[in-house]
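Next come the chains, spelled out residue by residue.
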Amino acid sequence: MRTLIEQQTEVALQATDLRVATALGKEILHGVSFTLQRGRMLALVGESGSGKTTAGLACLGYFRTGLKHVGGTVELSDGTDLLALTDAGRRGLRGGSISYVPQDPALSLNPAMRIGTQIMEVLRVHGYGASEQARRNRLAEVLTDVGLPNDAAYQRRWPHELSGGQQQRVGIAMAFAFRPEVMVMDEPTTGLDVTTQALVLQTIHQLVTTHAVAGLYITHDLAVVSEVADEVAVMLAGRIVEQGRSDQVLHDPQHAYTRKLLNAVPDLAGRHHIGEVEAVTGAMPIVSRERAASARVATPVVAEPTSLLSVADLRLSYGTNAVLNGIDFELGRGESLMLLGESGSGKTTAARCIAGLNDTYTGSVSLAGTTLQPGTRQRSAEERHRIQYVFQSPMSSLNPRRTIGESVEVPLHMSGTFSRKERRALVLEALDQVQLAASFIDRRPGQLSGGERQRAAIARALVNAPSVLVCDEVTSALDVSVQASIIDLLRTLQVETGMAMVFVTHNIALARHLSQRLAVLHAGRIVDIGPTDDVLENPQHSYTRELLTHVPTL
Amino acid sequence: MSISPLDPNSPGTARSALAAASARFFSRRHVLGGGMAIGVGALLTACGGTAVAQLPALTGPPQRGGILRVGLVGGGAADTLDAHVPVSTTDIARVVNLYEALLYRDENFDLKPLLALSATPSADAKTWTVRLRQGVTFHNGHLMTSRDVAATFARITDPENPKSGASSLTILDEVVVLDDYLLEFRLNTPTATFDDSLGQYSLGIVPDDYDPQNPVGTGPFRYESFTAGRRSTFTRNDSYWQDNEPHLDELRILNFSDDNALINALLSTQVDAIGQVPLALLEVLETDPRVDILNSETGMWLPFTMRVDRAPFDDVRVRQAFRLVVDREEMVEQVLSGHGTIGNDMYGLYDPGYAENLPQRVQDIDRAKELLAEAGYPDGLEVELVTAPIQAGAVEAAQVFAQQALAAGITVTIRRVDTTTFFGDDYLQWDFAQDFWYTRNFLPQVDNGSLPTSPYNETHWANPRFLELVEQAKSTIDPTQRNELIREAQTIEYDEGGYIIWGHPNQADAYQRYVGGLVPNGTGLPLSGFEFRRVWMGGQN
Amino acid sequence: MLGLILRRLSISAVILLIVSMLVFVATLLLPGDPAQAILGQQATPERLEALREQMNLNDPFAQRYLHWLGGLFVGDFGVSAASGGSVAALLGDRIAASLVLMALAAAISIPVGILVGTYSALRRGRAGDHAATGISLVLAALPDFVIGIALVTLFSTTVFTVLPSVTMAPPGEQVWDYPSQLILPVLTLVLVVMPYIIRMMRTTMIEVLDSGYVEMARLKGVPERQVIVRHALPHAIAPVAQVVAIQLAWLAGGIVVVEFLFRYPGVGQALVDAVTNRDVQVVQALAMLIAAVYVVVNLLADIVGIVTNPKLRTGGIR
Amino acid sequence: MTTIDTATEAIAVPPGLLRRIIRQRQAKIGLVLTGIVVLVAVVGPLLLPWLTGYTSTEFAGRPFQPDGVFGTDNLGRDILSRFLGGGLTLLVFAALATALGMVLGTAAGMLAAYQGGALDGIIMRGNDVLLALPQLVFALLAITVLGPQGWVVVLVIGITHAPRIARVTRSAASAVITEDFIRASEMYAVPRWKILLKDVLPNITGPLMVELGLRMTYSIAAIASLSFLGLGMQPPTADWGLMINENRIALTVQPWGVILPVLAIAILTVGSNLITDAVARASATVEENK
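Chains as they are written, first to last, in our numbering: chain A, 1 to 554; chain B, 1001 to 1541; chain C, 2001 to 2318; chain D, 3001 to 3290.
For reference, chain A alone in the conformation it holds in the complex:
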């Protein structure tokens, strides 16, 4: 708050003591206040469920079904309280002087309306310009503003004919068309690739500054905040816990939660620890006995330099659509390799081929010199044990109808060599390894948090003491603070058990926290591979270089 007063800027919207409750009376916003100023961007940061979207929509006087406004005001620059207006009054403002950019344009664009018509609709509803022609001109103009073609053919396209980035630009164009005073953007870049995200962020920044729009940017991504926002408000469970200029908040956080949040953000440079584990790489050599021994948590030891897992000329196509175009890499014992790629790069497919979940590939996957059969069912029990796979979403990878114990036990059951008692002992041991109490054994996934579920899923992979652990985006579905704890766990495990790990991710910022080696996947090929530092500091491929320049950092 104090920082706002110093600014000599015009207030466009002031939210004071906003309170929102569910229809049943449970309050979910407990008095939120913030100010939006022309030409400046406020980032509303919080993890899922913090109430940030509800607060954002309240700026448009809109409450989703099941929610109701129970207190507080939203004053506009002319002093009117938006929340005191009638439905019609609010409607006149929405899309006009206050506009909204939705999180998922794929869902928010009407699939049965041409994009030009959808943008024109805003202009018509609010009576932009004097004539239809004026509106048409504005439509073309705003499309150009957001960096899209503005020809008639393009305007006649259907939403499904656009890429995700283009769809989001249309969403922005729609929000910007009527030249609003205030724009509320709800995670507009979530789900976009880094490169696209960078371009969209740039567009937003440009629009907000050049047209002096007051922006509210809702996000969970602190790195993005540092790129776009002038001020930051950090939300936790329906309250703003810290608010201030973004450089101050990000570099000198006052509130413990902000600190925790920042601490958990992975960092491309590997400058700080996320969780309790220090970055793996940086100055460290890939494999270093001394470092491993001296580090607070040791880096794993590679006993034999020979490769444990060897992937050669892995290819896979769905029909004419080639997903993998020949992947080759080697993985040594105890080594950690990151497979980095954006969506569609084939990284998950490659991981699944290795684990035997995808049996239609050509090329070979060998474990300790033995070429494996493509499908898990063709592989021997021993081979299945030695390669384990952890799925992306812990919501999906555990059977909700089974107890954690039952799920974790499955691999043991299938090996068929253990008695009931032994199985239980092994399950408990695995739960202990992932730092879950023994009491979890009889719980069901529905009773667990996302982080706990992911731990349980990891426990299932560990129960057979594998040589290779393949982790497929295991943190992408988790909030950043939980992500840190999981990364922490994986590193610990790797050190303790000495297993090799393939870590598949789209998040390059995790590289230095996890992996000794880094492979960059693009369009089904590995374009760059080598020790993490080498690749990050001296990228060979233009794609890697582009990627690196677009990564948002704190």
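Hints are computed from structural coordinates only; laboratory data are not their basis.
Ideal Cβ positions, reconstructed from N, Cα and C, are used throughout, including at glycine.
Any given hint might turn out to be false.
Just the calculated beta-carbon pair ranges, DEER-fashion [unchecked claim]:
#, chain 1, residue 1, chain 2, residue 2, range
1, C, Ala2127, D, Trp3050, 43 to 49 Å
2, C, Glu2224, A, Ser542, 47 to 53 Å
3, D, Trp3050, B, Gly1060, 56 to 62 Å
4, D, Val3032, A, His413, 40 to 46 Å
5, D, Val3032, C, Gln2226, 41 to 47 Å
6, B, Pro1452, D, Pro3066, 48 to 54 Å
7, C, Met2001, A, Gly369, 35 to 41 Å
8, B, Lys1112, D, Pro3066, 40 to 46 Å
9, D, Arg3192, A, Ser542, 53 to 59 Å
10, C, Pro2179, D, Leu3051, 45 to 51 Å
11, A, Ala88, C, Ala2127, 23 to 29 Å
12, C, Gly2070, B, Gly1135, 57 to 63 Å
13, A, His205, C, Met2001, 39 to 45 Å
Pulled a few chain D residues facing chain C out of the computed Cβ check, cut under 8 Å [claimed, not checked]:
#, residue
14, Leu3133
15, Leu3141
16, Glu3186
17, Ala3189
18, Ala3224
19, Gln3234
20, Ile3244
21, Pro3255
22, Val3262
Starting from the known structure of chain A, arrange chains B, C and D on it as the hints suggest.
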């Protein structure tokens, strides 16, 4: 349902039996007619009938003029105007009014002359001399003579294309024209009751140049229009030979698909008279002040049939036991709502020779159990009863029988089949089933169902003494003597036969009170045997 | 788009073909000989042989099937064993009568159902919605004959006696010449069919109203009426078309009970009569007819789905 | 180490499906309604002839007379006795048909969803073929061929339910099968039948229970309809559908023979539909919480 139109001796006795019979002879068309009556929807919704004052019954002399609209259930695309192949109820209604046979059965089931003045047998009963009524003209104006009669019988018995009546005329060798109004029917077998055959409605006399496309007869009404399965219209035959008849200007016969629609049509005055009303609904109709019921006792019978050549019914004690378990009064009450007379296990109810001397058989469970025990079933037995909706009341009778038989330790499993199956390949082979017969005298009935040579011997009855008596009776011209023989034969049937004849259903029709001239009729044909020549419209029209 | 429609069309054709095989094979399971059944007691060996020849009963199975199938295309459904007449002649008027019944029921239940369903969705949670969903829940549970008998008891026989409960056009006239007789059968069908349309319309509308693009439209400041008409309704059409199709197809089968109840002279009653009499040719013809109605109606719904979905229309994904 | 979890991640344990069903008002109403009718149907036969003086097939008087509490039927039997004795067959047959349909449909649907490919194609096209004949028409066709017998009715109603259940099962199972825990089981080479039984089936109980209720309602309706058409239960069985068929000819004179069974069937189906709706709502809540 068996039998009738085709058989020589039973004039006018067939209704849906007819149907079934002809179903067997000409595809199974009309089994629906009477058979489905109950169970098909009905809701008597009066489209009126609320506060109409009770109309007085018609009195006084018949009035001339008016149109009579008659509703009947049955008929379909195969309906015909051909004088000699009537199948459905509506067919019969049409032929009775378009054509006339030599003799006919009146409402008391007495054989009366129609186009013939007399029919007399020779002493050996092998030659019958028929004297024709004079001055009768066909609808086309031609005078009816012996040649037309001879041509008619030639047409019916055409070996290439025998008509319905042919099967009862197998005893007929030739028809000899003696003069314009005198003929001789020469038979190959002595038949003292050949006149019965001549009284069938399916033996209507047609001109020698008869063409069914141009249906010409001597009947009280002449053909006007006809749509198969829907309606037919007839107009008065102004040159009809009976004095003052017919009274009506026009007669319309309308086909209905079911009882429900039929009754509603009557109540909403869309028709003036309807034939064959479900007996259970008579009371409802009676409460309507505008409607009169024609409730006729008949000699129709709806028997259970036991095959006397198959176990367990090959043992006469079992057959008698089954006959003794039936509570006939209850049968008539439950199945016919009381509208019927109880039976005494004998057919030919109106035959002058009917064995009225035999005691009425009544339920006697103890005796039945005894008989069963003697026959080797001390603990009762299980039988399967095959039933089908062959006639109103058939399936119901089966259920009542099953219930009554329980008391004697007889477990009756009812196997209900559809009529097509009932009259299918296994017809006449069922061990224990049902059938339906119209009013018929004893000898014609025996010809149809109780001889080894009969077309419908469903009980496989072949008692030698019985056969002997029947043969004798056939050639006995003296009625008293013949009746004596008949009584003797019936006694055998009564003591050993395969039929359980528990009752004789009434024929119930309903009509608007302004319709006059309808009288109860024992033949079993609805609406006074379809004799609409006597009907007249009172008051209205 | 055309390709998609053609594909659907050919799938429908194949389905009908298989149904026809199924229906035809059913006859082979019947005991007895159809020629014998038709001729009955009149069957002499010569006549039997002649009729068999005429009915192609001596041909191999496949050939008989093809002959029967070919007959279907030219409207030759064979000969009714019960009446001896041609099945086509038997059914001609009845098809028209049934179509009248179906068309009336559809013409009432579809628009009313859509309106009530939409109303219910828009008033979610309020009294009007509760009433609509409650009543449609109860109606949806009731078998058709229960609804029919309830209506008859109410309007024809016991409570009021204002409407006729059976259809009985005098011979030679058509059922629709007597509109009052159509009221109860049509009303029964409407009450049977409409709850499903209401419920589906409500569910679909609620889903659409909760969708991102409707929220977006509201956040754009689009007036509520325009939100519903332009953004919500078009998306509800395809799913509702499916339900309407299912209901229409249901009508094709459901009229059996309703026609039987009201003695309405349509194909449904003909079917019951034919089953009662084991009139196989008629049962076959009607089963094929009803299957064809079902398949065609579903095909139409699919086409509506394709046409209203720009993704499919422009040959996009899927 | 500490697990950092935000507040919302602490997920409230949803109460069991059954409890959530019972909690709904309409489920309670539905249970009461269904309970009454089931009680009548099950206990009714035991009370005969003690309560009414007649068994369900004994004669009490002439047809359609007002004797006794509700009068007599088309054959002069006591309507109340017929009614009390006539519900059990309907319930048992409906339950059997539903069970048959559920087993066939669930198996086919799960197999189609899980195996995919050609088997899926065959099963689903087979479904389409069966669906092309409306249930009643299919039943009538079967009855034409096989005759109106109890087992035919059960079989044909069960079989005609199967494709509809298979569709629902398939779509529910397809959603489950995309879940990673199925992939995990496959990875551990868990036998396929075990995956279907342990991983898939328990996760589609919600939609299956809805389907069970729905199919039970429809089975009751379909079997009663067939009896009503005279093509289901055969006389002299006491059966509600058949009662309506036998007695509706006299609806004006003696309405109880029709009204009693119609009421019972109406209450039964409405009750079971209310329960089904409650199940659907309850299992929808589960989905959201998952």
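Here's how the hints hold up against the structure:
Taking the beta carbon of each, C/Ala2127 and D/Trp3050 are about 47 Å apart, inside 43 to 49 Å as hinted. The given range of 47 to 53 Å is respected by C/Glu2224 and A/Ser542, whose C-beta atoms sit roughly 51 Å from each other. At about 60 Å, the CB distance of D/Trp3050 to B/Gly1060 agrees with the hint of 56 to 62 Å. Checking the proposed 40 to 46 Å range against D/Val3032 and A/His413 shows it holds: the Cβ atoms sit about 45 Å from each other.
A beta carbon spacing of about 46 Å between D/Val3032 and C/Gln2226 agrees with the range 41 to 47 Å that was offered as a hint. As the Cβ distance of B/Pro1452 to D/Pro3066 is approximately 51 Å, the hint placing it in 48 to 54 Å holds. Against the hinted window of 35 to 41 Å, the Cβ-Cβ separation of C/Met2001 and A/Gly369 comes to about 55 Å, which falls outside the hint. Separated by about 45 Å at the C-beta atoms, B/Lys1112 and D/Pro3066 satisfy the suggested range of 40 to 46 Å.
Between D/Arg3192 and A/Ser542 the beta carbons are some 46 Å apart, a value that contradicts the proposed interval 53 to 59 Å. In this structure the hint that C/Pro2179 and D/Leu3051 lie 45 to 51 Å apart at CB holds, the actual value being about 47 Å. Roughly 24 Å separates the CB atoms of A/Ala88 and C/Ala2127, a value that falls within the hinted 23 to 29 Å. In this structure the supplied range 57 to 63 Å holds for C/Gly2070 paired with B/Gly1135, their Cβ-Cβ distance being about 59 Å.
For the pair A/His205 and C/Met2001, the beta carbons lie near 41 Å from each other, so the given range of 39 to 45 Å is met. Because the closest C-beta pair between D/Leu3133 and chain C is about 5 Å apart, less than 8 Å, the hint holds. Interface restraint check: D/Leu3141 against chain C, minimum CB-CB distance 5 Å, threshold 8 Å, status holds. A distance limit of 8 Å between C-beta atoms decides the matter here; for D/Glu3186 the minimum to chain C is near 26 Å, and the interface restraint is violated.
Annotation: interface hint on D/Ala3189 violated; nearest CB of chain C at approximately 33 Å, more than 8 Å. Interface restraint check: D/Ala3224 against chain C, minimum CB-CB distance 6 Å, threshold 8 Å, status holds. Evaluation of the D/Gln3234 hint against chain C yields a violated restraint, the C-beta minimum of about 12 Å exceeding 8 Å. Proximity of D/Ile3244 to chain C holds as hinted, the smallest CB-CB distance being about 7 Å (cut-off 8 Å).
The closest approach between the C-beta of D/Pro3255 and any C-beta of chain C is roughly 6 Å, which is under the 8 Å cut-off, so the hint is satisfied. Proximity of D/Val3262 to chain C holds as hinted, the smallest CB-CB distance being about 5 Å (cut-off 8 Å).
In terms of the numbered hints stated before, the structure departs from hints 7, 9, 16, 17 and 19, listed from lowest to highest.
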